Amino acid sequence: MSTQYQVDYDPTIVFNTTDLISSMYNIVSDFQMDSAENIVDAFVTEFQFEPESIPNRFIDLSGSSKAFREAVTARLLERVETLEDREKLLNMVTRWVASSTDNSSNLRIFSEYAAAITFALEHTDVAVKIIKRNKPEAVSRSIWSIVDAIKKGMPGVMYQGYVLSNKPLALTQFEGEKHQYAHWF
Amino acid sequence: MIVQTYDEARNWLQGGRNKNNRPLYTIGLRLVRLTGGDIGVVVPWLYHAQTNPIVTFHPNGQVTITAENGLLRSQSVRRVIKWYGSLTDLYQKNFNHYIVQQDYQTKPQKIQRCRQCKGSGKVDAWCGIFKWHTSPCQHGETQSHYVSQGQQCYTCKGVGKRDYGSQPIAMLWDGSPLRLIGGNLVNNKPTDLEKAIAAYVNPISS
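Protein chains in written order, with this note's numbering: chain A, 359 to 543; chain B, 153 to 358.
With the rest of the complex left out, here is chain B:
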C-alpha cells in the first residue's frame, strides 16, 4: 500500500484493527500515529524506528522526509522516501544523494548531431529478410549480411539530431529533514530579504 497524503494515511489507519499502528504490506513498512496528530512511515528494521519515521505526514498536508545518520546509503530507504514522499527521483551519484522534485525544472536544451548515427539518420543493419537459398534479397545476396546504413537510427528516429540537454535539475540532499508538499519543496522561493541582498551591488572601491 502506497500512501502519499495525510488523508490517505489517516484512512489507512482507520481501516485497521489497531488505529495507531498498521502494516502497509509493502516491504515490511508500518504506518504509525505520532504525537501532534502526525502519521509516520517507519521502517521496522531500523534502530529506534518507531520514534524516527523516515516519512511523516502532517495534518496541514505537508510531508517531512528524513534520512539522517547515513540512512540514505540504503537503497530501500531511498526507494521508500521516493514512493511515499511523491518524489520524481532520489538517487545517489559519486557518494552524494540527489532528489528530483515533482515539478522539476530542466536544464537548457542541447540539440546536437546524433551521437549514434553521426547525423546521417541511419545506422548499419543486418539483412536477413529473404527466402533462404531460394531467392536473393533486395541487395542481391542469398545469405544474411550487413547493410551499411541500412535502417533508420533507433536513437534519433532518423532525424539526425537529438536533444542531449533537458535533464531534470536535481537537488543535493544530505538526509536532513525536508518539508515537501505534493512532492515539491516547501518554502524554496527566495524571500524578499534574500532578493534584496542578491540585488546589492558591491560599491566600487578606490
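For reference, chain A alone in the conformation it holds in the complex:
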C-alpha cells in the first residue's frame, strides 16, 4: 500500500510559493500581535486551500523554529479525521520530499515533517525511505529522534500521541520566540 508514496526526487513536481497568507488570515501585518496558535492555523489552512503551493516563509520558519515545526506537525495530524484526509496529508508531505533535490536544505526541512507524519500514520517504511534520502551528516536532531523511535519499536500511534500532546508546549515556546521572526513579514 505504501508503494504509492514516492519520495525519490521528481523534477516534475514544482511547488509555487504563495504570498502569506490567504485573505482569511491576514497575519502579514499582525504577526507579532497574533497568537502562535492562529499563526500555525493559518499556515495549515493554507495547505488545504492551495495543496500545490507552499506559503511564503514557511520553509524559513520551519528551519529556524523547532517549536513552529512541531506545532504545525501536530496541527496537521489533528486535522486528519477521515481516510481521505489521511491520504491527502500523506500525499502532500511525500510530494514535498519528492520535490526537493538531494542535499538541499529544503530536503532536510521537508523530511522532518514527512518522516514524522508518515511514521505517526503507521507508514514506517515510507518514513525510513524519507530518512534514507538524507545524508547522515546533514540529518537534524528531530530526524535522529524518529530513527531512535523506530529502532526502539515504538508504535506509530504512540508517536502520534507524543506529537499531539506536545502541541500546547510547542505553541507556548513558539509564542515566546515568534518576535524573532516578525521582520520577515
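Quick caveat, the hints were computed from the structure, so don't treat them as lab data.
Given the structure is predicted, the values throughout are model-derived calculations rather than measurements.
Computed list of lysine-lysine pairs in DSS-like fashion (alpha-carbon distance at most 27 angstroms, straight line):
1) K525/A - K487/A
2) K490/A - K347/B
3) K341/B - K490/A
4) K274/B - K313/B
5) K536/A - K347/B
6) K510/A - K347/B
7) K510/A - K341/B
8) K262/B - K313/B
Once you have looked at the hints, place chain B on chain A.
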C-alpha cells in the same frame, strides 16, 4: 574589516558611499544589503555571489552560514566563514568538514604518562654552555656533548604527565545553512518531544 554582528555590518554599510554595497577590504569580500533587511558577506569570485552570500547577518542578531555545492572545499571560504561567523574553528579532515562553536564542549580529560619523556619529566639535552677550550663544563667535558635527561621536558614541563584529552568537540557540517548566534548554534537543544522519545523504553517482547 571583520564584522561579526548585524549592528557592525549595518554601521559599515552606513559609512560607505553606496549604502547597499561596500567592500570590506579583506580578500576582496563585499558587504551587501539583501531583501528583508538582511546583510550578507559575499565572495565576488563565486558564481551568483551577489544573491548567495556565504554569511548572512539578520536583524534579530542571528547569523546564517552557508557553503553548499562543494564550497567548503575552498580554504578561503572556510576562513571567511570562521571569521565572520564567529566560530572557534572550521576545518576539514578526511574529506569531511567540522565546525567548533564559540562555547564548545570538550572531551573528557585523559591524563597519561608524558609521551615525550616517558614520564620521567626530563629529556635528553645538548650541553654547550662553557668556555670553549678554557674550562670544562659541569659534566667535565670541554666539547659540546649530549647529556642524557639533561633538561626539563618541554612537553609536560617536567611534570611527567599530560592531558591527552580535553579536545574541543567538533560538529560535522556539510555546508547546508546553519543559524548561529554569537558563534553558537541556534536551537541545538533537544525539544521536549525529542526528550520524551529518548526516554521511551522498548517494551520487553515475548
